[in-house]
Amino acid sequence: MREFLLLIRSEEAPKANLSPEQMQEHIEKVGKYLKKLSEEGRMKSAQPLEMEGVMLSYKNGQIVDGPYNETKEIISGYYHLLAKDLDEAIALAKEDPRFEEGIWRVEVRPIKHVEGIN
Amino acid sequence: MSQASKNMGHELASHFFRTEYGKLVAVITRYLGSSKVETAEDIVQETLLKATQHWEMKGIPENPKAWLYVTAKNMALNSLKRTNVHRDFLSKSQGNKENTSDFVISDELISDSQLRMMFACCHESIPEHSQIALILKILSGFSIAEIADAFFSNHETINKRLVRGRKQLRKVNLELLDRSLLNQRVNAVLKTIFLLFNEGYFPSIKEQAIRFDLCLEAIRLAKLLEESPLIEDKSELTALLALMYFNVSRFESRISDSGELVDLKDQDRTKWDRQSIQTGIQYLNQLSQRKLVSKYAILATISANHCVATSYDATNWNEILSLYDELLQLENSPIIVLNRSVALAEAQGAQRAIEVLEQLKQTSDIGNYYLYHFTLAELYVKTKQWTEADKAYHKSLEMAKNRRDRILLEKKIKFLVPYLPS
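Chains as they are written, first to last, in numbering that gives the first Met the number 0: chain A, 0 to 117; chain B, 0 to 421.
With the rest of the complex left out, here is chain A (with noise of 0.2 Å):
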């Protein structure tokens, strides 16, 4: 089994435009997604990002904030899969409700574990 980190992408607020009902709803469907994944032995964890905190780079000799992105896109959350390659972890996020929205993009990348680090 292999790694991999799917990162949640999408616009600034993505659920703003949700209603009470449809937020419940999103909340069950990818709840039930997740258990699955957990049941199934293959998520190693799941959270969310909090909205806030700060892009950080060095410039002119010193660690300075931004340059943010042009667009507005944020990471929202991250899912810690193991999945056997980067097709069945593509299949694996491919099965995520939260597509039916429209509003979501997710990142699939594998670990890669370099011996003596990890």
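In case anyone wonders, no lab produced these hints; they're calculated from the structure. Hints are supplied without guarantee of correctness; some may be wrong.
In silico EDC-like links for lysine to aspartate or glutamate, alpha-carbon gap of 20 Å or less [said to hold, decoys possible]:
hint : chain 1 : residue 1 : chain 2 : residue 2
1    : B       : Lys57     : A       : Asp84
2    : B       : Lys57     : A       : Glu51
3    : A       : Lys31     : B       : Glu61
4    : B       : Lys49     : A       : Glu51
5    : A       : Lys34     : B       : Glu10
6    : B       : Lys49     : A       : Glu39
7    : B       : Lys64     : A       : Glu27
8    : B       : Lys394    : B       : Glu409
9    : B       : Lys190    : B       : Glu155
10   : A       : Lys71     : B       : Glu37
11   : B       : Lys381    : B       : Asp364
12   : B       : Lys294    : B       : Asp312
13   : B       : Lys57     : A       : Glu24
14   : B       : Lys170    : B       : Glu127
15   : B       : Lys80     : B       : Glu37
16   : B       : Lys57     : A       : Glu39
17   : A       : Lys34     : A       : Glu99
18   : A       : Lys35     : B       : Glu45
19   : B       : Lys166    : B       : Asp106
20   : B       : Lys57     : A       : Glu38
Rough simulated footprint, nothing fancy, chain B against chain A, three-plus residues with beta-carbon under 8 Å [as the list claims (entries may be wrong)]:
hint : region
21   : 24 to 31
22   : 43 to 54
Far from chain A by the CB rule (all over 10 Å, computed), these chain B residues [unchecked claim]:
hint : residue
23   : His14
24   : Phe16
25   : Glu19
26   : Tyr20
27   : Thr51
28   : Gly58
29   : Ala144
30   : Ser252
31   : Leu320
Note that the structure is a prediction, hence the values are computed from the model and not measured. For glycine and all other residues, C-beta sits at the position ideal for the given N, C-alpha and C.
With chain A fixed as given, assemble chain B onto it according to the hints.
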């Protein structure tokens, strides 16, 4: 076990978010003052958003309600700090203390706030259309898109109604709604609840689920009133509850699998919800002990007569007819005469009903209403006056706006063709 699966055992009650939205907006508006109702709506939307973000990954917490209230309360406190506005609510209950964290959200405060909000939304200064939109948006947690769907309307129209409604709502002082004022205005609130119920009861192909939810919301709001110790005379309310339960019991059977409206005559009575009928009867029993004659009580009794009849033919039409006569004494409206004509046809024959309806057209503008011509057409079919029936169906078709009604009418017209002179 992973973090995500730890709390997955907890589940949300159905419509939890929607209902809590309404409770939270009522409480937070109480806290900020009705002039800040929009801020309260934003705070609650933000709260639910935050909950969604956390719960989708971490699972639903053990006490989701407490989670929402703590989060919303903190946001409200921050909003107050930012605008530096201290509303009456705080100064009254806590003097001029800067510390606002003792604002306790109890079940009593939630019920009381919802009740006040309901009366505020039904304030006489707010147009009827706006009243219903406000109630659905603020107390029932529907989005603008959902309200637009339920009313065959669009985002812009509904938003306009809300903007107009909120403008008036901001002027209503929630704290001034005392016991005597609430009791004076309870009938206005019942009227709005009944309108809301009827919006849901005449269903469409589109968004059927949401329409049914409107009926359930109307019942939920009426029950809030029922539970309130502030309302003194609950007889009208009890009658309205009985009526709504009887009507809602037939909801399932009123729409065919293909989404068409089914006539009472052709409904599968085994699909009627016995429990709702039973609840309706219980309310009605509470009522008859007080010998009350009111519009809702009569309508409820008519509906009860249908509910207990084992078949269409076994219906007690004479009893229903005399109930309609009683209703006409209270409110002489063409719509009631129209509805009465169906019972009249069953009790005394279709020809008699046709005569009454022909006469009704002379004395009112009911002739502009598609259901008038529809009812008339049905009566002509009964008396085998095919040409007249055909004419009346066509007239109805000209006036019908709803797609479902048009489909039904076209079907009826087609059915007549073999009987018409060529």
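Results for each hint:
no.	hint	verdict
1	B:Lys57 <-> A:Asp84	violated (26 Å)
2	B:Lys57 <-> A:Glu51	holds (19 Å)
3	A:Lys31 <-> B:Glu61	holds (17 Å)
4	B:Lys49 <-> A:Glu51	holds (12 Å)
5	A:Lys34 <-> B:Glu10	holds (13 Å)
6	B:Lys49 <-> A:Glu39	violated (28 Å)
7	B:Lys64 <-> A:Glu27	holds (16 Å)
8	B:Lys394 <-> B:Glu409	holds (11 Å)
9	B:Lys190 <-> B:Glu155	violated (25 Å)
10	A:Lys71 <-> B:Glu37	violated (25 Å)
11	B:Lys381 <-> B:Asp364	violated (25 Å)
12	B:Lys294 <-> B:Asp312	violated (26 Å)
13	B:Lys57 <-> A:Glu24	holds (15 Å)
14	B:Lys170 <-> B:Glu127	holds (17 Å)
15	B:Lys80 <-> B:Glu37	holds (17 Å)
16	B:Lys57 <-> A:Glu39	holds (17 Å)
17	A:Lys34 <-> A:Glu99	holds (18 Å)
18	A:Lys35 <-> B:Glu45	violated (28 Å)
19	B:Lys166 <-> B:Asp106	violated (29 Å)
20	B:Lys57 <-> A:Glu38	holds (15 Å)
21	24 to 31	holds (count 5)
22	43 to 54	holds (count 5)
23	His14	violated (7 Å)
24	Phe16	violated (4 Å)
25	Glu19	violated (8 Å)
26	Tyr20	violated (4 Å)
27	Thr51	violated (5 Å)
28	Gly58	violated (6 Å)
29	Ala144	violated (7 Å)
30	Ser252	holds (25 Å)
31	Leu320	holds (42 Å)
The earlier numbered hints that this structure contradicts are 1, 6, 9, 10, 11, 12, 18, 19, 23, 24, 25, 26, 27, 28, 29.
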